[in-house]
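Residue numbers (our numbering), protein chains in the order written: chain A, 28 to 274; chain B, 25 to 347; chain C, 46 to 337.
Certain hints may be false.
To be verified - Quick look at which bits of chain B chain C covers, simulated, 3 or more residues with Cβ under 8 Å: (1) 52-64; (2) 119-131; (3) 301-309; (4) 313-319.
Claimed, not checked - If the Cβ cut is set under 8 Å, some of the chain A residues that face chain B in the computed set are: (5) 30; (6) 110; (7) 125.
Derived by calculation from the structure, the hints in this document are not laboratory data. Just so it is clear, CB atoms sit at the ideal spot from N, CA and C, and this is done for glycine as well.
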Amino acid sequence: MAPVLEVKDIHKSFGGIVAVDGVSFSVDEGEIVGIIGPNGSGKSTLFNCVLGQLQPTSGEIRVDGKVTTGMRPCDLNALGVSRTFQLLQVFPELTVKDNLIAAGQEHRGSMLSRLFGPPDAGLGAAADRMIEFFRLSHVAGERAGRLSYGQQKLLDAAMAFMGGPRLVLLDEPAGGVNLTMLADLRERLRAINREMRATFVVIEHNMDFVMSLCTRVLVLAEGRIIAEGDPASIRNNPKVVEAYLGP
Amino acid sequence: MERARLVPLAIAAAVVLALALGPQFLRPSSLYLVSLWAVTAIAAMGLNLTLGYAGQISMAQGAFVGIGAYATAILMQQGVPFPAAFVAAGAICFGVGWLLGYPALRVQHHYLAFVTLAFTTLVYLLLRNEQWLTNGVYGISGIQRPVLFGVSFAKSADYYYFCLGMLAIFLGAMWWMIRSPWGRAFMVLRENPVRAMSLGVDTRRYTLLAFAIGSSIGGFAGGLFAPLVQFLEPGSFSLGYSLSLLLMVIVGGSGYLLGPLVGAMVAVLLPEFLRFTQGYYLLLYAAAVMILMTFCPQGLIGMAERIAAALRRRRTTATTGTH
Amino acid sequence: MSGFIQLVVSGLATGAIYALVAVGFALLWQTSQTINFAQGEFVMVPAFFVLVAMKVWGLGYLPSIAIGLVVSALLLGAAFKGLVVEPMLRHGVLPLVISTVALAILMKESVKDFYSSQAQQFPPIVEGTDIEFLGAVVSTQSIAIFFVALGAVALLNWFLSSTLTGRAMQATAQNRAVARILGVDVDRMILYTFLINGLLTALASFLISPIYLAKFTNGETLGLAAFVAAIVGGFNHVRGAVLGGLILGVLDNLAASYVSAQYRAAVPLIVLVVVILFRPQGLLGRVEERSV
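Excised from the complex, chain A in its bound form (with noise of 0.2 Å):
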């Protein structure tokens, strides 16, 4: 079987600047694989490659064994990829439940069922149990704009998830995330992970939270891997010390 991702020799680079230089690496079905990497090791360009956000100068993207590259971030989706963003991103005039029905809605149906058929896509009863997953049910039918950031943080991974993913890229997840926010956060993460099957690629800076989280971490350096392994391989590493003390 073909991994879910895969990733072969990327390259990107901005004018002469190299940001992503030569990476590759694959996943796995199940795994939950985080990346981490000092500040400017390119971690954000992989990601954006990946996403269809930005093109990448050369190299193969495949998911499900199909080739990606160049694809547009909303027909990826459509083939079950998702993401979560580093900053707040939800739509904060509709309602919490409107919100999750509208991450959801692009994957039912047809244009025209989605113009004549039920208002909510089918998908009410779904976006109750992600709110009740999520926790958010007291706020299910307020506006997202005034739930408080920790909760809006929860929104924005739920709604990650209403598509039915194969794969989910977070990125920064744990970022101005509170302790207790963070470990509710990391068990729903967990749960997702093992119930709907759903692969993870995670990118962060709160090395506990990437630990106690990820199967597997790749160490991004000036663009290129520098190191793979399980959690405890890779905290022992001389080289990833290295990459983020300096020489």
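Chain A is fixed; fit chains B and C onto it per the hints.
This is chains B and C only, laid out in the frame that chain A set:
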């Protein structure tokens, strides 16, 4: 809570009743004016879809009303029956609106405003200069009111009901679309296009659709406008008209279903009741718009909502206070 | 050929006036993200300030011009900033656009209702005589307009690049937060920008009204010309706006005689649309950095 629902319902019922009984007590000139209100409200409703729900600024809605009106008038003069001409007006504007949506894929905000503004002026120049088609500055006169299934709508009162009926139909269709997944897709396009795209919303398709549908509704309004005024001239569809439709949408409350109806009321009906302001109405209107924008850019419906919310809060604190 | 030169020279004269208006428009955009849809009316109205001073109060030309400049700076600069733009900034771009559209109507209607709906004669800065130039007849008025307008822009350019205040204004335009950290009085610099815009549009008004007469509807075409000039040249550029204005003036004149009088107005609009779609940063502008 019950009262909060009853008040708007009672107002709506009173308005519908008053409109239904209109011909019993209104003079013909007033009937004309209410019909014009209905037609203008439909045009503004189209712009409300493009701007209010999908967030794409357009200064071209007046041009689409013009295209629709001229298309209807010219086709009817060629002997095409009204229903076919009317549908054609909407279809032509759908196509042209779709094309005008393409710039919106490349540029946003003020650039988009300028592109649509340029489009409006170009349409005006075409209407004025292509005499073989539009009869230029002399205009098209003698446009007939429609006859449908053997029923003539020639009399003011009959065409009045026809326009109001159309308004009801468009209002219902808009209500349906806005609460459907399409409406949600338009709104997420307005709120956050990057996020929408990552959730599978084809922002490109919905941007073009927002322009096309909004413009076609403008075209339909034009199709009703031509038989109403029975005389078309290019000057009616200059940039000023597009800007005035834009003001109506914002003044009424953009992104609210009933906003365009309220906005069109302020622009079309209110001057009639404020006759004592004489020539100064437009001046006062402009000043009022500026004040409204400063204190409540959500428009009149937004303001009403805010006041209602404040009243509700006061009532709840009053009741909890007595405990 | 002589006809061509004549068209180019008079086109450069109107173009220089457009440049004045476009520079002010671009400055407002840079420092306060204000798209002023009433910019055309800002050019229409100052002529009437002068007419009031001359006809109602019976003052001479120069004192009236001085009064016109001061009143324009106060009303179109300071009052516009304080009463219209400032209270609106927290609401975002669209309400401000709507508000300036309404302001344009307000100014137009005020002139119509309180002064006159008829076109008014306006005294020229110099008495026009025609002189020969390369076999073409050129009016001294065109030449005077050209040099006064470009002189004003050159003066502004010198002010912006060579004085401390001017540089502080540029710093404010480029990055308000950084300017503030560097100790620039940002609010004052923004006020200066609005005052300068008021003065530029007033000057443009005094230069163009003798040619086209002063009328309440003048703002519509003038405003459009300013938008086109500013965008064609590049929104974030004084030099760009000047270039845009000159190009537009000449193009406008040439289109009138070589394309068709009927579609004269279409030419600048088509240029506008083409530039926006294919070179939105303008001819001289840089691409504004965008973060994903």
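**Message:** Which constraints among the numbered hints does this structure fail? Numbers only, ascending.
**Reply:** Hints 1 and 5 not satisfied by this model.
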